[in-house]
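Chemist: So the chains spell out like this:
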Amino acid sequence: MRPEISILASLHLVFVLLSVLPGESRFLQHYHSLTNTIQQWRMFYSAYTYRSREFTVKVDNGETFRPVPPRYLEKDGRKLPVRIANHLGRLANPGNETARRVWIESLAGEAEKSGGRSYVVEDRSLRVRNFHYSRRDGVPFKEFVEELGPFSAER
Amino acid sequence: MTELLRRIDRFWSRGIDDRVYGLLRLGFSLVAFLNVLQWWGSSDELLSSAGFNSIAAAKESGSWIELNLFAYLRDPFLIKGALVIFAVVHVLLFLGVAARACLFLSFFWHFSYQNWSMLGSGGWDAVLGNVCFILLLSPSGKSVRPLDWLRDRLSGARQSTAEVDAGKARQLSPRYGIYLLRIQVFLIYWVAVVTRLPDPYWRNGDFFGYYMLSDFCWFGGPWILEAGWLTKTATWGTQVAELLIPLLLAFRRTWVSGFMLGTLLHLTIAITTPYLVPFSLSMVMTYLAFVRFGSGPSLDSPTQATGNLK
Chain Z
-4 MRPEISILAS
6 LHLVFVLLSV
16 LPGESRFLQH
26 YHSLTNTIQQ
36 WRMFYSAYTY
46 RSREFTVKVD
56 NGETFRPVPP
66 RYLEKDGRKL
76 PVRIANHLGR
86 LANPGNETAR
96 RVWIESLAGE
106 AEKSGGRSYV
116 VEDRSLRVRN
126 FHYSRRDGVP
136 FKEFVEELGP
146 FSAER
Chain X
6 MTELLRRIDR
16 FWSRGIDDRV
26 YGLLRLGFSL
36 VAFLNVLQWW
46 GSSDELLSSA
56 GFNSIAAAKE
66 SGSWIELNLF
76 AYLRDPFLIK
86 GALVIFAVVH
96 VLLFLGVAAR
106 ACLFLSFFWH
116 FSYQNWSMLG
126 SGGWDAVLGN
136 VCFILLLSPS
146 GKSVRPLDWL
156 RDRLSGARQS
166 TAEVDAGKAR
176 QLSPRYGIYL
186 LRIQVFLIYW
196 VAVVTRLPDP
206 YWRNGDFFGY
216 YMLSDFCWFG
226 GPWILEAGWL
236 TKTATWGTQV
246 AELLIPLLLA
256 FRRTWVSGFM
266 LGTLLHLTIA
276 ITTPYLVPFS
286 LSMVMTYLAF
296 VRFGSGPSLD
306 SPTQATGNLK
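Protein chains in written order, with the numbering used here: chain Z, -4 to 150; chain X, 6 to 315.
Just so you know, the hints here were simulated from the structure itself, not pulled from any lab data.
The structure displayed is predicted, hence computed values, not measured ones.
Keep in mind that the hints are not guaranteed to be accurate.
Label pairs and their computed distance ranges (CB to CB) [what the hints assert, rightly or not]:
hint	chain 1	residue 1	chain 2	residue 2	range
1	X	L235	Z	P(-2)	49 to 55 Å
2	X	D157	Z	R(-3)	30 to 36 Å
3	Z	F10	X	V102	27 to 33 Å
4	X	T238	Z	S20	36 to 42 Å
5	Z	L12	X	L202	16 to 22 Å
6	Z	L8	X	W228	41 to 47 Å
7	X	W69	Z	L6	16 to 22 Å
8	X	A103	Z	L29	20 to 26 Å
9	X	F109	Z	F10	16 to 22 Å
Here a beta-carbon is modelled for each residue, glycine too, at the ideal position from N, C-alpha and C.
Please put together the full structure from these sequences, using the hints given.
Modeler: Next comes the structure, spelled out in structure tokens:
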């Protein structure tokens, strides 16, 4: 085996290990984007631990609202393919600054606050219905869900 | 310094059964093929000019946009055509036809869609892209070729299976690709476990209950409120399983147990959460990097592999 392969393999491993640490440099971000190395180890799996209260989206008319995880997503009465659902599910994922910016850009002017803890977003022909199931600190799970009504949150 | 470099070189270049690379290539091509099919329903919205992502948004969110296929291919119809080509590429890769060229095209596809539509990409896309990158720069596992196997069967080859296996077992390749992937499987699981530790819902065992009430689940419902024991067992059990899976996979005596435990975990995820079937398939595919063959050289054979990238 050529020795340069060993060096490259070692460097790759170092960059992968560095990606585990917080505060990635711009160089590492570019490296991971190019090599498809998993750059978001820290977020892996945790995408499902939504904390929608941590950020807000501001729309063109000046209103702000807090996006919440989609309970289900539909278009023309059909459930959406997984990737679209994923795409919209990221609304509630606060882990990626860029994702937030893109989302805000994508939704600006097209979002409509429906009041209370749920809202409807019209994005092109796509209708997204969101239902709140965010957690509230200090409230036991069962009481919280019963209060909210797990499947009665549709408004 | 020279001695250090020599040691590093020895670590990466020790021999490993070439069939491990071959199996990984087969598993990757199969899952990547299914993944291409899955993009069919979303490509207009997520990849083309008719969808969500404007070029400006992609430039802001992605990297290396000038190298990205979708910066140039904007028409929905042409993108569908590209998906057909990439599906064929993965079929050829499975068959072992022009494997290196197919891996390059596969890498181009994974790199392009992930950087173009980061929001539409899931964790499994990152796993697939990562495995593809490693395979692209590793020995191609040419000892595992379904076409050869088929040809042998059709022509009534005289060699017994044992003879063929013994012959192939002698082929060693440098282990750097397989070891890089193994280390990254450790990272995926262990970093995931550590990431969840500060989360109060993972700590108190309630996470699974919330999860079962989310859009991701098929079987969610108020019944989960009465099954506190299940919620806690599943939440903490997931943590324990993900700590154990890479450990069990790492050792020759326990890798089968690790394979089974991981498959059980991801099968459960796939059943409760149809959205995450591609994720489960992608993770189980990475276990192929840990496969040990009964006959043939030890996985960590001290024999220095002489194979180059072919």
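Chemist: Indicate, hint by hint, whether the structure satisfies it.
Modeler: Structure-based check of all given hints:
no.: 1; hint: X:L235 x Z:P(-2): 49 to 55 Å; in the structure: holds (54 Å)
no.: 2; hint: X:D157 x Z:R(-3): 30 to 36 Å; in the structure: holds (33 Å)
no.: 3; hint: Z:F10 x X:V102: 27 to 33 Å; in the structure: holds (32 Å)
no.: 4; hint: X:T238 x Z:S20: 36 to 42 Å; in the structure: holds (41 Å)
no.: 5; hint: Z:L12 x X:L202: 16 to 22 Å; in the structure: holds (19 Å)
no.: 6; hint: Z:L8 x X:W228: 41 to 47 Å; in the structure: holds (46 Å)
no.: 7; hint: X:W69 x Z:L6: 16 to 22 Å; in the structure: holds (18 Å)
no.: 8; hint: X:A103 x Z:L29: 20 to 26 Å; in the structure: holds (23 Å)
no.: 9; hint: X:F109 x Z:F10: 16 to 22 Å; in the structure: holds (21 Å)
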